[in-house]
Amino acid sequence: LTMGLLAGGALVSYLLDFLGFRDATFVAVWVSVFATVVSLFMASTHLFAVTMFNVALVYNMLITCACIGLWATLQFTFLQRQHPRLVLVFERLLFAVVPAAPCVVITWAVVAYNGMHAAPFVLLAFMTAAFYLFVLPV
-9 LTMGLLAGGA
1 LVSYLLDFLG
11 FRDATFVAVW
21 VSVFATVVSL
31 FMASTHLFAV
41 TMFNVALVYN
51 MLITCACIGL
61 WATLQFTFLQ
71 RQHPRLVLVF
81 ERLLFAVVPA
91 APCVVITWAV
101 VAYNGMHAAP
111 FVLLAFMTAA
121 FYLFVLPV
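Under the numbering used here, think of the first position of the sequence shown as -9, with each following residue one higher.
Keep in mind the hints are simulated off the structure, nothing from the lab. Among the hints, erroneous ones may be present.
Computed spacing ranges between beta-carbons, pair by pair [to be verified]:
id, residue 1, residue 2, range
1, VAL79, LEU126, 18 to 24 Å
2, ALA109, PHE8, 38 to 44 Å
3, ALA119, VAL28, 27 to 33 Å
4, LEU76, ALA102, 33 to 39 Å
5, VAL87, MET42, 38 to 44 Å
Even glycine gets a Cβ: it sits at the ideal position worked out from N, Cα and C.
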């Protein structure tokens, strides 16, 4: 369901962008991000019955979706022209959040595939790579 929402939202957003409806495209992007967040949360509620530590995982998944929405918002040129200060705030917020939240989700996927024996080292590798990519100046 979540992947279907993502694919459908991307398709609708691309179609609206192709037809030149920039405001509708902006709304479609955020509606698809919100629908994905709701779908992820509903699909993850069974994890809370296992342990409450999964709340952090679901929280990081939701923050990752918000980062994707912020990144998509920064791609709209009309927003960059009309509200340059808001774009700067979004950009700083994105660069503040991206090094931490997606690393946990990526580590969770790698641990689910490979096993738990190297989880701390995988998280360390992803956080180091994110630090070098997003925090240090170019």
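Against the structure, the hints come out as follows:
A C-beta distance of roughly 21 Å is found between VAL79 and LEU126, which places it inside the suggested range of 18 to 24 Å. Distance hint check for ALA109 and PHE8: the Cβ-Cβ separation is about 43 Å, which falls inside the suggested range of 38 to 44 Å. For the pair ALA119 and VAL28, the beta carbons lie near 30 Å from each other, so the given range of 27 to 33 Å is met. The supplied range of 33 to 39 Å is met by LEU76 and ALA102, whose beta-carbon atoms lie about 37 Å from each other.
Look at VAL87 against MET42: about 23 Å separates their beta carbons, and that is not inside 38 to 44 Å.
Taken one by one, the earlier hints fail for this structure only at number 5.
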